[in-house]
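Given chain S, put chain R in place with the hints provided.
Here is what each chain is made of, one letter per residue.
There are 2 protein chains.
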Amino acid sequence: MSNPHQAFVLPEPLPLDSGQALSGVEIAYETYGELAADRSNAILVCHALTGDQYVASTHPVTGKPGWWERMVGPDKPIDTDRYHVICANVIGSCMGSTGPASIAPDGQPYGMRFPVITVRDMVRGLVALLDGLGIARLHAVVGGSMGGMQALSLAANWPDRAARVLAIATTARHSAQNIAFHEVGRQAIMADPNWQGGDYYGGNAAPDAGLSVARMAAHITYLSEEGLTEKFGRRLQARKDGTPGAKTFGFDADFQVESYLRYQGSGFVQRFDANSYLYITRAMDYFDIAEEHGGKLADAFAGTTARFCLVSFDSDWLYPTAESRHVVHALNAAGAPVSFVELSAPFGHDSFLLDVPALDRVVKGFLDG
Amino acid sequence: MSNPHQAFVLPEPLPLDSGQALSGVEIAYETYGELAADRSNAILVCHALTGDQYVASTHPVTGKPGWWERMVGPDKPIDTDRYHVICANVIGSCMGSTGPASIAPDGQPYGMRFPVITVRDMVRGLVALLDGLGIARLHAVVGGSMGGMQALSLAANWPDRAARVLAIATTARHSAQNIAFHEVGRQAIMADPNWQGGDYYGGNAAPDAGLSVARMAAHITYLSEEGLTEKFGRRLQARKDGTPGAKTFGFDADFQVESYLRYQGSGFVQRFDANSYLYITRAMDYFDIAEEHGGKLADAFAGTTARFCLVSFDSDWLYPTAESRHVVHALNAAGAPVSFVELSAPFGHDSFLLDVPALDRVVKGFLDG
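From first to last, the protein sequence lines stand for chains S and R. Following our numbering, the numbering of the first sequence begins with 87 at its first residue and continues without gaps. Following our numbering, the numbering of the second sequence begins with 87 at its first residue and continues without gaps.
So that you can see chain S by itself, here it is in the shape it has in the complex (with noise of 0.2 Å):
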């Protein structure tokens, strides 16, 4: 049982990590299972990159199910017979949060003249949503990716809001090769002449073919090698006519894998602004918890009151286990209470989401106990 479509206007200008300050921020969020009557029993889940609100209902632009419904609702791992789950939009996406799509003071969407944001600012917004709730102390902070990172932030920067803490095949900092995988996909973008500095809103062409270069591009990097060779490995696309499929000699997509990535491309713009993109990149290349501590990463954790669940997948390559076991030897340094499990997955990066039942019992496990 959700309770859809629900918008909370922030009272105060958002102060941001740049300096700058917004005002007038709107949190798009989606509530699932009754709040307890302490609000003892509130779990906040943060959405990755290109994720949203709808962790567990029908989502309104492509009619999909919830991007975690295998995780979130009765009886699930997630329990919503049991927890009050919030989900909301982070500020800079484009499903209702404020962004570079929405409106300025000035009447003209923001597009580039949005504010640079940071993961921690996106995370401030949340504490604000937390604030207008009523809810002091969440029963836990979860993500998975961006998600994770948010749920660290969190942890390091709001030491008395979360209980638990469940940071699932993430990093406390972005690396040089994240860092250039986003920049290939915010100059496609940007390469895009419809891209137009970021003002193609009011009725204009989007830049589709730079955000879905950009998205296929990102794409890769979510599954692993291994997935990919025993999902489509060097499989021919079958022809119109149900025919076996054969080199076409020409530049049609001839492979599965190429069809693939080209559908996840064309898929993706029908859903998310590209200047959206821009910004939530920069603010995960931007991410690293230690830097904004003083430069040592127990540091950062110093004031928790918060366990901790950290969850690698051994084939994702985009965070792999080692970034995890960096936070979770800061978390031990600074005597937090932690427990870390890589899990064995074929799926990369996006094991996160997908059916692995040892995730299912770890989350279970953590929230549960």
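If you're looking for bench data, these hints aren't it; they were derived computationally from the structure. Bear in mind the structure is a predicted one, so any value in this text is a computation, not a measurement. There's no promise every hint is true.
The list makes no distinction among identical chains, and a pair is therefore deemed to hold if it is satisfied within one copy or across any two copies.
[What the hints assert, rightly or not] Straight-line distance between alpha carbons at most 20 Å, and here's what the computed EDC-like set of lysine to aspartate or glutamate pairs gives:
(1) K382 x E316
(2) K450 x D385
(3) K450 x D167
(4) K333 x E377
(5) K450 x E120
(6) K333 x D374
Coordinates of chain R only, in the frame set by chain S:
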């Protein structure tokens, strides 16, 4: 001592795997060192995707040294005091050999009317060049990356044309992930409005933005995560006035790795044709020696008369060691003499081009032995 800027026009049309034939094919090549009277000391060096014939001589466009000067020259591992080294631009490329930018029989550039070629077609062109030069049997064929594919293809399809086959950082087939990255590059080029269906020659603006994005994406795959971290980490660009870098909270290249990638992209478009990039990546994606020989790789090498040496690098995730081992097992099954070494080097796939002294020793030992 090189004999620069030679070109050979094939006397016969070149038959292609697509079933088409290409007339008037020109192959541009460079040679280094004297050919022995008995013509027994020739080494064919095959270049990679974006390489060319200037293996050990100054590149006429960039003015930079040859791409393998560290390996080819007097007293170098491929010793031009001892061997006659031939390096030719593959067909489909853009440094003098016939490719999409060449003039078709109708007097207009081929553009996308150029036939889709395969790696075997490239080698067919090289073999025709060897015929023209009167070289019946090479002392060795040598190549890294796509150059290694050509070396293996020559051994499989012209089994008596080389006495030694040295294939470095390569594979006998392109994986789904390899295809996926290439497809991103092709889509980036074809999404550039300047591409114009390939008809951008003759003074029109070229699809530089798309080609640059393609190069940036590919370039990441040539390096290792470890190498990127060591070289750039999260270090920021120094400011123009020389003061230490700081986050600008904008979309300029704040991080050194961003600046480096942009530089790689913009430099590349000065020397490479976008259509050639489409055709050569397509050829690589089609590459699967086993498929050409009934599905079993060992069968491809059944008739070989060569000794083989395979070299991989432990940090190469584009063509990881398992790919070389796969070739070695097939050669074992075919009863061919083969040595194999995995070298430790931090530079990823690009290790074959960089300072890895152990590679020098392997190359020299194999060629002189």
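Here is how each hint holds up against the structure:
1. K382 x E316: This pair counts as between: shortest inter-copy Cα distance 19 Å, intra-copy 41 Å.
2. K450 x D385: neither (29 Å within a copy, 52 Å between copies)
3. K450 x D167: Intra 13 Å, inter 70 Å, cutoff 20 Å: intra-copy only.
4. K333 x E377: between (51 Å within a copy, 12 Å between copies)
5. K450 x E120: So K450 and E120 pass the 20 Å test inside one copy only (18 Å; across, 73 Å).
6. K333 x D374: Intra 46 Å, inter 12 Å, cutoff 20 Å: inter-copy only.
This entry does not satisfy hint 2, going by the numbered hints stated previously; all others are met.
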